[in-house]
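Student: Here are the chains, one letter per residue:
Protein chains: 2
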Amino acid sequence: PGERPARRLLSRLHPADIAELVPLLTPDEVAELWRTLLELRLAARTLRELDGDARERVLEQLADEQVSTVIGRLSAHDAVDLLESLDPERRQRLLDGLDAARAAQLSNLLRYGPATAGGLMDPEVPRFFADETVAATLERVRTLAEERRLFYLYVMDEREHLLGIVSLWQLVSAAPERRLREILSGEVVTVRADTPQEEVAQVFQRYDLLMMPVVDADGRLAGAIHVDDVLDVVEASATEDLYRLANLDVHEDLATAPARSVRLRLPWLLINLATASLAAFVVSLFQETIAKYVILAVFMPIVAGMGGNAGTQTLTLMVRGIALGEMDLRRSGVVIARQTLVGFMNGLLTGLALGLAALAWERNAVLSGVLMFAQTLNLTVAGFFGALVPVALKQMRLDPALGSSIFVTTATDVGGFLSFLGTSTLLLSILSP
Amino acid sequence: PGERPARRLLSRLHPADIAELVPLLTPDEVAELWRTLLELRLAARTLRELDGDARERVLEQLADEQVSTVIGRLSAHDAVDLLESLDPERRQRLLDGLDAARAAQLSNLLRYGPATAGGLMDPEVPRFFADETVAATLERVRTLAEERRLFYLYVMDEREHLLGIVSLWQLVSAAPERRLREILSGEVVTVRADTPQEEVAQVFQRYDLLMMPVVDADGRLAGAIHVDDVLDVVEASATEDLYRLANLDVHEDLATAPARSVRLRLPWLLINLATASLAAFVVSLFQETIAKYVILAVFMPIVAGMGGNAGTQTLTLMVRGIALGEMDLRRSGVVIARQTLVGFMNGLLTGLALGLAALAWERNAVLSGVLMFAQTLNLTVAGFFGALVPVALKQMRLDPALGSSIFVTTATDVGGFLSFLGTSTLLLSILSP
Numbered sequence: 001p002g003e004r005p006a007r008r009l010l011s012r013l014h015p016a017d018i019a020e021l022v023p024l025l026t027p028d029e030v031a032e033l034w035r036t037l038l039e040l041r042l043a044a045r046t047l048r049e050l051d052g053d054a055r056e057r058v059l060e061q062l063a064d065e066q067v068s069t070v071i072g073r074l075s076a077h078d079a080v081d082l083l084e085s086l087d088p089e090r091r092q093r094l095l096d097g098l099d100a101a102r103a104a105q106l107s108n109l110l111r112y113g114p115a116t117a118g119g120l121m122d123p124e125v126p127r128f129f130a131d132e133t134v135a136a137t138l139e140r141v142r143t144l145a146e147e148r149r150l151f152y153l154y155v156m157d158e159r160e161h162l163l164g165i166v167s168l169w170q171l172v173s174a175a176p177e178r179r180l181r182e183i184l185s186g187e188v189v190t191v192r193a194d195t196p197q198e199e200v201a202q203v204f205q206r207y208d209l210l211m212m213p214v215v216d217a218d219g220r221l222a223g224a225i226h227v228d229d230v231l232d233v234v235e236a237s238a239t240e241d242l243y244r245l246a247n248l249d250v251h252e253d254l255a256t257a258p259a260r261s262v263r264l265r266l267p268w269l270l271i272n273l274a275t276a277s278l279a280a281f282v283v284s285l286f287q288e289t290i291a292k293y294v295i296l297a298v299f300m301p302i303v304a305g306m307g308g309n310a311g312t313q314t315l316t317l318m319v320r321g322i323a324l325g326e327m328d329l330r331r332s333g334v335v336i337a338r339q340t341l342v343g344f345m346n347g348l349l350t351g352l353a354l355g356l357a358a359l360a361w362e363r364n365a366v367l368s369g370v371l372m373f374a375q376t377l378n379l380t381v382a383g384f385f386g387a388l389v390p391v392a393l394k395q396m397r398l399d400p401a402l403g404s405s406i407f408v409t410t411a412t413d414v415g416g417f418l419s420f421l422g423t424s425t426l427l428l429s430i431l432s433p
Numbered sequence: 001p002g003e004r005p006a007r008r009l010l011s012r013l014h015p016a017d018i019a020e021l022v023p024l025l026t027p028d029e030v031a032e033l034w035r036t037l038l039e040l041r042l043a044a045r046t047l048r049e050l051d052g053d054a055r056e057r058v059l060e061q062l063a064d065e066q067v068s069t070v071i072g073r074l075s076a077h078d079a080v081d082l083l084e085s086l087d088p089e090r091r092q093r094l095l096d097g098l099d100a101a102r103a104a105q106l107s108n109l110l111r112y113g114p115a116t117a118g119g120l121m122d123p124e125v126p127r128f129f130a131d132e133t134v135a136a137t138l139e140r141v142r143t144l145a146e147e148r149r150l151f152y153l154y155v156m157d158e159r160e161h162l163l164g165i166v167s168l169w170q171l172v173s174a175a176p177e178r179r180l181r182e183i184l185s186g187e188v189v190t191v192r193a194d195t196p197q198e199e200v201a202q203v204f205q206r207y208d209l210l211m212m213p214v215v216d217a218d219g220r221l222a223g224a225i226h227v228d229d230v231l232d233v234v235e236a237s238a239t240e241d242l243y244r245l246a247n248l249d250v251h252e253d254l255a256t257a258p259a260r261s262v263r264l265r266l267p268w269l270l271i272n273l274a275t276a277s278l279a280a281f282v283v284s285l286f287q288e289t290i291a292k293y294v295i296l297a298v299f300m301p302i303v304a305g306m307g308g309n310a311g312t313q314t315l316t317l318m319v320r321g322i323a324l325g326e327m328d329l330r331r332s333g334v335v336i337a338r339q340t341l342v343g344f345m346n347g348l349l350t351g352l353a354l355g356l357a358a359l360a361w362e363r364n365a366v367l368s369g370v371l372m373f374a375q376t377l378n379l380t381v382a383g384f385f386g387a388l389v390p391v392a393l394k395q396m397r398l399d400p401a402l403g404s405s406i407f408v409t410t411a412t413d414v415g416g417f418l419s420f421l422g423t424s425t426l427l428l429s430i431l432s433p
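Protein sequences appear in the order of chains A and B. Residues in the first sequence are numbered consecutively from 1, following my numbering. Residues in the second sequence are numbered consecutively from 1, following my numbering.
The shape of chain A in the complex, shown without the other chains (with noise of 0.2 Å):
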């Protein structure tokens, strides 16, 4: 009784508002909710807005095939996700479980990483051999369906090394009694199955390629990548840079739940918080400036809006120019000189605007100089860390976007009201009225 009653308010509530619920209940009560949630086709959804700890627990009650039946159904990410929260032996045991493609995908995925051509190439790619004839070749393409979409065909020895690449006009327009090994081109483009996946979109775009066999170690053929997988690769990474310098998680999108979006947030803003206490505390050490000649309190947003806008230029450029592998690491240091030098006039041409516009409201020699110096100095500090702090995040082996605006902001802020307050506190006898 009230069974069905339950049914009907699940189907209505959001996955994430389900997940919710679940640390409440008993262990029966789990088992009994995820057998109505497979039925409802809501289990997926549900079990991929749970947390580590719950979902472990839950994925703990389930039987293997009440598991496959998720997998079945999340996508390949979130199936990687759930398989490595497992012990291995269990993780054996569903991937056996599962239809031979998808387990060879998931065992990739799980093997290089999702961010690897390992993680994005298709294992399943036809093997043809050099031996072969081109008549017995041609039988063989039309017998694949056409939704491979073979328009290159892999040639490799007895040992599975790859020697080359056959195209389909090739094949068409070579005589019957050829063997693949006379018509091949040895000039092929590869990658290694660990190579991150921005340097294999870099790979198919200078090439502009089609797809691209992947290789294991030995030089064996592991798989192949698709220019369409690659179209994802290329968009996915340019909203994670995107993302990251706006200090986003990359899992938020516009149709996440609202609850689910301050989640996401609030541990950055939380980080901002602490990072702008430190601009907060430089002004502290200069209240009593401030208090003597209030004016400079008016000018402190121009000082850090100005600033902020500089270093996000700056750092902007440097985190899409590495991205795009327009950076050499080696000449780091030409870049950041150079980027200090465009701070640097962009700091004295604003700060020459700058200081006018307060000349013609205060009417204060002083005080324009001192923003016109400390507007030189502001942009020359946002010049400088907008392009050290993405350079040494990259040589630190780390995203360069992640968490660099707030450095970036932070170093400006701090710089800025230092050298505005600062050059202000020394010049108050002559710069107060």
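What the hints contain is simulated information worked out from the structure, not anything from laboratory work. Small disclaimer: the values here were computed from a predicted structure and weren't measured. Please note that a few of the clues may not be correct.
Unchecked claim - Computed footprint of chain B on chain A, listed as stretches where at least three residues anywhere in the stretch have a Cβ under 8 Å from a Cβ of chain B:
#1 166-177
#2 230-243
#3 300-307
#4 331-342
Backbone N, C-alpha and C fix where the C-beta goes; we use that ideal spot for every residue, glycine too.
Start from chain A and add chain B according to the hints.
Tutor: The following block gives chain B in isolation, referenced to the frame of chain A:
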């Protein structure tokens, strides 16, 4: 005499530096300079660096064949820029002088604009007719150069209306005497030539396409778009979003000369200076309050920094969501309401953290209360404007990212300072010790 040293000097100068000399020369000197630059293969790059007026004057003095040589060395994009600055008659004369493929490409770019399917397509796609036999078609496919990478054949009727496609696999598997009409597949995804390139990229991704036919307004085949060009579009449009959010000109990259970087960034910095002055003006309204209670100035950077960060988070999410087609503009009211709600909740939570930290520091419960209130309002404003500005720009048919970060930062600065300093002024009698 002296000609050889001049040549040597020119070959060492950067094209951007040569361009700066051009306005200083007499017409005769310009003509001679250009002869030398053409020999040194520096003419195209120098022309690219010239500003509009100077460029027009140079072009007037050059003979048609000299301009043709330059066009041959420019990228398609720059060549179109150049052609557009000429009068229609000379433009047509120059196009007639180019080789046919290049002329067709540039004509399309001129007609449809570079950011459309028409500008992106290869107009030279081979045409196949419905009554041709498989055998005859295979013969033609063999003679077409492999670099055409013809894996889909476009089949049309006598009036060049697209009827369907035949894949190379179908062709290889079909009986030689059958006609294309009998084996073609009529379900073809096509785009009109005036479709924006971002939409083209979305269609490629949705259907995992390798190439797609482009049709004109009458349904006649106009050309085909290849996936490698779409890859460039996806990357370029992501970079553009990133650049516009950071107020960078899309023509800048890490290789840009410092002087040009300064020139490209300066306009945005000056706009930012103007809008930051608005925030400064708001602060100036509360000088009396700050003079009486200077600690308010200490918390100003936190108010501004948090609002800016939260606004950028929302803005970035919106811009990317709109670019990726996640956003239904008819439902924009709901999205704006949700983002405002997220801002409100994060404002409440970070306001609590800020209030408690301030209480520990200043031991003033009223100040803490004011900070909590102002922070909540600040992040609500950030959520609202971060969502509203890109939607409004999009509905005005402008780029949703263009200048939006400056708008949003101004809104959060003004809103944050108004609420923080305004409330402080109202409560000054109980706030100030």
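Student: Compare the structure with each hint and give your call.
Tutor: Hints, one by one, checked against the model:
no., hint, verdict
1, 166-177, "holds (count 6)"
2, 230-243, "holds (count 10)"
3, 300-307, "holds (count 6)"
4, 331-342, "holds (count 4)"
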